[in-house]
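Visitor: Here is how the chains run, residue by residue.
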Amino acid sequence: MSKAAAQNDSLVQSTKSEKNHRSLWQDAVKRLSKNKAAVVSLVFMTVVVVSAVLGPILSSYPYELQDLDRINTPPVVMDVNALPDGIRTVIPEDYIQLGPIYWNTRHWLGTDELGRDLLVRILYGARVSLAVGFLAAIVSLIIGVLYGSIAGYVGGRLDNIMMRFVDTLYSLPFMFFVILLMAVAGRSFYLLFIAIGAVSWLTTARIVRGQVMSLKNSEFVEAARASGTSHLSIILTHLIPNTIGPIIVYFSLLVPRVMLEESFLSFIGLGVQAPMASWGSIVADAQSIYLFCPWQIVFPGLALTLTLFSLNFIGDGLRDALDPKLKGKQ
Amino acid sequence: MIGFVLKRILGAVVTLFVIITLSFFMMRLAPGGPFSKDRNFPPEVLENIKKKYDLDKPLLVQYGLYIKRIVVDFDLGPSTRYSDRSVNELVGDGFMYSLKVGLGALIVALMLGLISGLLAALNHNKFLDYFPMSLSMVGISIPDFVLANLLVLILTQMFFLLPAAGVDSLAGYVIPCFTLGLIYASSIARLTRGGMLEILSQDFVRTAKAKGLSGSTILWKHSLKGGLLPVVSYLGPATAGMFTGGLVVEKICFIPGLGKLFIESAINRDYTLSMGCVIVYAVLILIFNLIVDLVYGLLDPRVAYE
Numbered sequence: 044m045s046k047a048a049a050q051n052d053s054l055v056q057s058t059k060s061e062k063n064h065r066s067l068w069q070d071a072v073k074r075l076s077k078n079k080a081a082v083v084s085l086v087f088m089t090v091v092v093v094s095a096v097l098g099p100i101l102s103s104y105p106y107e108l109q110d111l112d113r114i115n116t117p118p119v120v121m122d123v124n125a126l127p128d129g130i131r132t133v134i135p136e137d138y139i140q141l142g143p144i145y146w147n148t149r150h151w152l153g154t155d156e157l158g159r160d161l162l163v164r165i166l167y168g169a170r171v172s173l174a175v176g177f178l179a180a181i182v183s184l185i186i187g188v189l190y191g192s193i194a195g196y197v198g199g200r201l202d203n204i205m206m207r208f209v210d211t212l213y214s215l216p217f218m219f220f221v222i223l224l225m226a227v228a229g230r231s232f233y234l235l236f237i238a239i240g241a242v243s244w245l246t247t248a249r250i251v252r253g254q255v256m257s258l259k260n261s262e263f264v265e266a267a268r269a270s271g272t273s274h275l276s277i278i279l280t281h282l283i284p285n286t287i288g289p290i291i292v293y294f295s296l297l298v299p300r301v302m303l304e305e306s307f308l309s310f311i312g313l314g315v316q317a318p319m320a321s322w323g324s325i326v327a328d329a330q331s332i333y334l335f336c337p338w339q340i341v342f343p344g345l346a347l348t349l350t351l352f353s354l355n356f357i358g359d360g361l362r363d364a365l366d367p368k369l370k371g372k373q
Numbered sequence: 451m452i453g454f455v456l457k458r459i460l461g462a463v464v465t466l467f468v469i470i471t472l473s474f475f476m477m478r479l480a481p482g483g484p485f486s487k488d489r490n491f492p493p494e495v496l497e498n499i500k501k502k503y504d505l506d507k508p509l510l511v512q513y514g515l516y517i518k519r520i521v522v523d524f525d526l527g528p529s530t531r532y533s534d535r536s537v538n539e540l541v542g543d544g545f546m547y548s549l550k551v552g553l554g555a556l557i558v559a560l561m562l563g564l565i566s567g568l569l570a571a572l573n574h575n576k577f578l579d580y581f582p583m584s585l586s587m588v589g590i591s592i593p594d595f596v597l598a599n600l601l602v603l604i605l606t607q608m609f610f611l612l613p614a615a616g617v618d619s620l621a622g623y624v625i626p627c628f629t630l631g632l633i634y635a636s637s638i639a640r641l642t643r644g645g646m647l648e649i650l651s652q653d654f655v656r657t658a659k660a661k662g663l664s665g666s667t668i669l670w671k672h673s674l675k676g677g678l679l680p681v682v683s684y685l686g687p688a689t690a691g692m693f694t695g696g697l698v699v700e701k702i703c704f705i706p707g708l709g710k711l712f713i714e715s716a717i718n719r720d721y722t723l724s725m726g727c728v729i730v731y732a733v734l735i736l737i738f739n740l741i742v743d744l745v746y747g748l749l750d751p752r753v754a755y756e
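Top line first, the protein sequences correspond to chains E and C. Heads up, the first sequence is in my numbering, so the first residue is 44 and it goes up one at a time. Heads up, the second sequence is in my numbering, so the first residue is 451 and it goes up one at a time.
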């Protein structure tokens with residue numbers, strides 16, 4: 044009630060000052076576009092997504108192609124004519140001189156232990172990491188929203204039992220179950236995002252339940268009920284759309300968390316399997332030789348960190364934009 | 451108070467039971483067993499091996515025997531992979547390493563997190579607020595395996611400071627502890643800052659200021675206890691996270707700890723060993739949660755021990 048009133052107040056104020064009417068969403072977009080970190084992050088993510096989609100198509104090397112004459116070629120070297128060290132391969136005609144250093148024009152970011160182009164693998168890994176991140180977040184969103192809205196709408200004893208169940212699940216160390224599951228049940232791509240999604244819906248369920256409980260006694264729901272709308276369609280068409288703000292905010296913070304979990308699983312060898320690549324598995328592949336070939340860890344690690352960084356900023360920005368009262372609280 | 455503690459312990463025991471049951475059936479119901487990967491045994495030999503590990507009996511009987519053995523004898527059984535060693539021995543060895551890494555990480559996380567969070571809250575909207583908070587955003591976003599690798603690269607290759615791997619000396623623990631510690635310090639710093647800002651804007655702090663109390667008295671006597679409550683409740687999940695994070699740093703820094711044991715045994719389908727690891731982790735996490743609950747109640751008189 045007070046929340047609605049506060050939103051109304053802010054709307055009334057903004058319409059007074061701006062003269063023309065703006066909706067809640069236009070307000071949110073305006074607030075978001077003022078947030079520099081979020082805008083920069085959005086631009087960065089657009090670049091990442093576009094290059095993840097187009098990069099592997101445009102590149103002349105497939106992600107699993109092994110250029111066996113060029114194993115562990117560095118992206119830059121100080122001296123192209125240095126004696127071979129047994130680990131890195133430097134083929135002088137691939138390099139052009141840029142001031143004091145030489146840059147590899149054949150494989151821009153070098154190659155890995157099997158002679159695969161690192162740039163193409165990072166771009167391809169971006170596809171896998173982003174896809175798992177979004178799909179798993181969507182899976183957990185669907186479970187959480189349905190579970191939470193049913194618990195909140197029905198209320199009473201059922202709500203009690205359902206939320207007690209959520210509390211119990213909260214106390215379980217889930218990552219261990221996911222690891223066991225991935226280890227014993229095979230490591231398929233689908234199992235990966237279903238498993239991660241299935242263990243991260245708990246908070247969504249709590250948030251949605253709270254929202255639904257505060258909405259279910261409002262006049263528009265009563266009107267819908269009086270006009271004979273079924274319970275299911277009240278939940279689906281009236282209640283869930285009204286919780287969309289907090290859901291978007293939570294979703295945007297969930298995606299980076301899920302991507303982190305996927306990269307963790309891939310890193311310990313239980314995520315996507317070779318020759319497929321995700322950012323976590325690229326770092327894991329380089330684990331045995333990275334002291335000699337640091338580029339094999341620095342570039343995928345940088346890609347992953349920057350992506351998570353900007354996704355977190357976008358999430359923060361969306362929270363400030365959609366729920367300004369929370370600003371600076373978390 | 452005693453009733454509250456008993457109730458919590460009972461709850462923890464039930465949770466532990468759920469964890470054991472779930473992981474037991476999850477492992478057994480998946481196709482393949484601990485001996486399916488090895489060279490083909492003659493059927494009689496396989497029969498004997500299965501008899502040794504009770505694998506010839508029906509699943510529910512196996513489950514009953516397993517629970518009985520844990521509860522009555524505190525025995526996690528023989529390892530199906532390392533046939534000459536018991537799970538108790540293996541887990542015991544690994545546990546000491548993991549515990550050292552975990553405790554070191556907890557100390558680093560608390561010290562760095564609390565100090566930078568307090569600095570940020572006391573210098574709200576100044577450089578000392580923005581700087582640690584931007585750093586903590588990096589800490590929240592960077593995955594533990596990337597940070598561990600970067601620390602290894604920088605400290606061992608560029609500055610030749612530390613051994614890259616191994617825990618023969620204390621120096622070997624620096625990188626694993628700092629990796630996990632820095633990541634959780636970021637969250638702790640943000641929570642400290644949020645909690646302190648909330649408390650410092652309360653009426654009773656204004657009253658304290660108005661009656662002329664010094665800044666340090668207000669901080670230490672009036673606000674710290676309340677402001678740190680979010681941090682205390684975060685410590686439960688944080689410890690769980692540090693133990694899971696241990697899986698990664700143990701792999702990178704070649705520490706023969708519980709995490710390495712757990713992943714290897716899960717991949718090898720070493721039923722008894724991976725169950726043993728899960729149980730030890732679960733007990734650790736449950737004990738930490740219990741301590742956190744008790745401390746929370748001591749700090750916040752509004753929480754009644756029912």
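Hints in this document: simulated from the structure, not taken from any laboratory. Each hint should be verified, as a subset may be incorrect.
As the list claims (entries may be wrong) - Computed from the model, here is a short list of chain E residues facing chain C with C-beta under 8 Å:
no.: 1; residue: Gly199
no.: 2; residue: Phe294
no.: 3; residue: Ile332
To be verified - If the Cβ cut is set under 10 Å, some of the chain E residues that face chain C in the computed set are:
no.: 4; residue: Ser102
no.: 5; residue: Tyr106
no.: 6; residue: Glu107
no.: 7; residue: Trp151
no.: 8; residue: Ser214
no.: 9; residue: Ile283
no.: 10; residue: Phe310
no.: 11; residue: Trp322
no.: 12; residue: Gly344
no.: 13; residue: Leu345
Said to hold, decoys possible - With a cut-off of at most 27 Å between alpha-carbon atoms, the simulated DSS-like pairs for lysine-lysine come out as follows:
no.: 14; chain 1: E; residue 1: Lys77; chain 2: C; residue 2: Lys576
no.: 15; chain 1: C; residue 1: Lys500; chain 2: C; residue 2: Lys661
no.: 16; chain 1: C; residue 1: Lys701; chain 2: C; residue 2: Lys675
no.: 17; chain 1: C; residue 1: Lys671; chain 2: E; residue 2: Lys79
no.: 18; chain 1: C; residue 1: Lys661; chain 2: C; residue 2: Lys671
All values derive from a computational prediction rather than experimental measurement. Note that the Cβ used here is the ideal one computed from N, Cα and C, for glycine as well.
Visitor: Hint by hint, work out which the structure violates, then give me just those numbers in ascending order.
Guide: 1, 2, 3, 4, 5, 6, 7, 9, 15, 16, 17
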